[in-house]
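**Q** Here's the letter readout for the chains.
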Amino acid sequence: MTKKMKLAQLTDMLQDLNVEALEGVTIEGDIELDISGGGGLNPELAYAIGNEISHMSLHMANIGRILGFPAEQLLASAFGMGEMPEMDPALARPTELMSSKFDVSKIENWRNKIQEVTIGATAADGGSRKSTVTIGGENALPYYFDAEMPHKNHYTMDVFDMPIGMAKAVKGNYEDVINDPAEWAKKVVREFNADMVTVHLISTDPLIHDTSAREAANVVEDVLQAVDVPIVIGGSGNPEKDPEVLEKAAEVSEGERVLLASASLNLDYERIAKAAIDYGHVVLSWTQLEINAQKELNRKLMKQCGVPRDSIVMDPTTAALGYGLDYAYTNMERIRLAGLMGDDELTFPMSSGTTNAWGAREAWMVKSPLNQDSDWGPREYRGPIWEIITGLSLSLAGNDMFMMMHPTSVQVMKEITGTLYGSIEADEIDIQNWIGAEV
Amino acid sequence: MKINSPLEAYKYLPATNCGECGEQTCMAFAAHLIDRSLKLEDCKPILDEKFKKKYDELTGLLAPEIREVEIGVGDKIARVGGDDVLYRHKLTFFDQTAFAYDVWDTMEEADLVERVNKIQDFRKFYIGEFLQVDMIAVRSTSDDPAKFAAAVKKVAETTDLPLILCSFNPEVLKAGLEVTKDRNPLIYAANKDNWQQVADLVLKYDVPVTLFSPNDLDTLKSMAVTFAEMGTEKIILDPGTYPTGKQLKETFNNFIKIRRAGIDGDRDIAYPIMAVPLTAWMAHDDPVDASYWETVVTSVLTIRYGDIMILHSTEPYAMLPELHIRDTIYTDPRKPVAVDPAMYKVGDPTSDSPVLVTTNFALTYYTVESDLDSNKIDCFLWAIDTDGLGVEAAVAGGQLTGSMVKKAIEDSGFDMKKDTTHNTIVLPGLAARLQGDVEDETGANVLVGPADSGRIPGWMEKNWPPENK
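Here the protein sequences line up with chains A and B, keeping their order.
Each residue of the first sequence is one higher than the one before, counting from 1 in our numbering.
Each residue of the second sequence is one higher than the one before, counting from 1001 in our numbering.
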């Protein structure tokens, strides 16, 4: 059936029905529209019909395209356009940000607090130190918003009981005191702001000078006299000699609550542990990049030797940047996370022998031994930053105290770890327009 | 990814054990999908139309929690983000932090070209390959579209490295885009004032964009949601890098918060994060201080979740530690730490060539080997089994001793008396204290080499061949 009608009639018909738009109305069958006599057509209705018809034709054109006919070209040429009109993308865009709140939860299973350990003793506690150092006590990874970090990081600087080979950049700072451990200790405290001093009794090694334990203990007494900060006492690393040397050193420093470095699985750790207990010191529990060995040694120190929990600090070994720091970093991070999540054999504060960074050739060599490398630049700047980045990465993994060597390294480490800890104020800087900054 | 066991991935695979992917079984392939060592596209059968639904579903399940965004084109393309874990030992971190170094559009052309070349040519040899930096960031300091376009064009002509176009002025960004639209540059940045115009640009040119909302994570997330709604997920988030004081502490925690939320499953914020340690130069006047502080901030934010960074200092004492800390954090902890203990030949050794001892710690071994090889020293290099420890640690821990060296000789079948004319072993300098021990155990002559293998060439000149054959 074909029904012919004029547009004016359609308008009248729809007006009678009080229809304002053609929404929902479908036009079926053959329709002849006579728009030549469109006088009196309601403009809104005309627009609506036009809209509907255009959409129908687009729909038809789409069917044409599906059948393989290039309908878009036909449409384009019909309307006199060389190419498809570019939609103005801004029309479809929101004009205001879709408001969204950022939210993140705290870590729930960090329930186990790291043990607090105090090194050094004042007169009130039977020692002669002017101040003490307390590390540990964390309930979260370092500087995280999850929980307040109770103690800042601390820095102990190395002093040796004999002149040793050092990188040039380091040596320049110590040439005047290299033969006098007591003066050396004074220098690192007064001039370089060390929180503690580590006296390394390396001359006791039978393969070096085989200095007797008694003579070595004299050096310890001299250093205790020279400075009033807490001290760390290190042996030579010789597993046969160290127990004897550390026993004697522990005896002469009775009551000072020194850190004895160190007990390890490859020497008679029971003697070190006993010396610590007898004379009131702290034991450094040293293992080599192996979390299970660390658990084993800590367990032995606690269960077999009876060292109290507040007298153990761990040294899980520090490898230099570029020379195994990835293992050292991850080993420490795993140890700290395990401690926080409840492994009581690992809830101890940690210490890093950050000085090891100076073993990296990048820290001390004049230039690269490989000619394919770009210029390494001046080593006096390369060395300290190597020590800094080695220590800094371990501070993020959970390390509490650092044994270091170069004064600039200690200064920068104090600045950055103090900043992350939250104790360093600085003028606020507006970075809104950093792109245009003159740097 | 949303699944964590091979069995869950296996359910979607064809289960034909066809072997086309190189694995014996579909289950073995599934295990590689879970540890991300193979891609789903390595399974050719699943690309067939009849598996399309399973392919699409599994692709969704395997997608990393943090979206991966591509910048640049061709060989030098930089992929950023793509992470699935908060700690590297849980799997590994993917897509190492991309380091971009800046140039600016008010530089003299010759200086600009020289700086770009310095950046793109910088290299540091490390365990068999070169560490290099990744991108150039062009800052508009002129705020002049024509000047910016000219600088960007010059940079693009000078390097294939991916580019970051930096301005808050949409007209300037547009001018830069016009001359690099085939290079897929990263647009820096949309902020709360210009985001509509920048959105128009990044959608029109189909390029990735950084959203910048300094220390305001609600606005940052709102922008990310809005851009995603507008049709792009090629988004990088910059929560601001404040260089000092309490502000820096907040920056540090912003990075942690964004990444934790993303890994925890908040898709609206699961994008790569950008740091701008260059801001250290706004806090320090002395160039050495500024370089040091920039390196320090770079290291902190490389460890804690920065996926891409804009840096300024091109001093080697900044770039070397930056490249190394990035390598440290992104090295796959699952890769073996040791080489097989054995007698290795470097170059073409004869019976007159030296026999050098080192450990089987991969880092130590490859460092020594590359020093020898690079200096064309023919020798036998003995990797002793120290449980993968370096020389110093192995000597201290008792894993490298005279008897260990003797055992290694016996195990290798190498005969010092027959296979060499000199019966001489060269120990690493860091094992000097073992000299007597090794002599007693092996009966060979023992020389002590330098503490660093980089000094072997000089040592050889003075000490080789040995005087007492």
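Hints are computed from structural coordinates only; laboratory data are not their basis.
Warning: the hint list may mix true and false statements.
Residues from chain B that face chain A, not an exhaustive set, calculated with beta carbons under 10 Å [unchecked claim]:
id : residue
1  : Trp1195
2  : Lys1234
3  : Asp1266
4  : Ile1303
Here the structure is a predicted model, which is why all the values come from computation and not from measurement.
Beta carbons: idealized from backbone N, C-alpha and C, even for Gly.
**Q** Take the hints in turn and mark each one as holding or not.
**A** The hints, checked one at a time:
Using the Cβ-Cβ criterion of 10 Å, the hint placing tryptophan 1195/B at the interface with chain A is satisfied: the shortest such distance is roughly 7 Å. Interface restraint check for lysine 1234/B: the shortest CB-CB distance to chain A comes to about 16 Å, outside 10 Å, so the restraint is violated. Of the supplied interface hints, the one on aspartate 1266/B holds, with its beta-carbon coming within about 8 Å of a beta-carbon of chain A, less than 10 Å. A distance limit of 10 Å between C-beta atoms decides the matter here; for isoleucine 1303/B the minimum to chain A is near 5 Å, and the interface restraint holds.
Violated hints amount to a single one, hint 2; each of the other numbered hints is respected by the structure.
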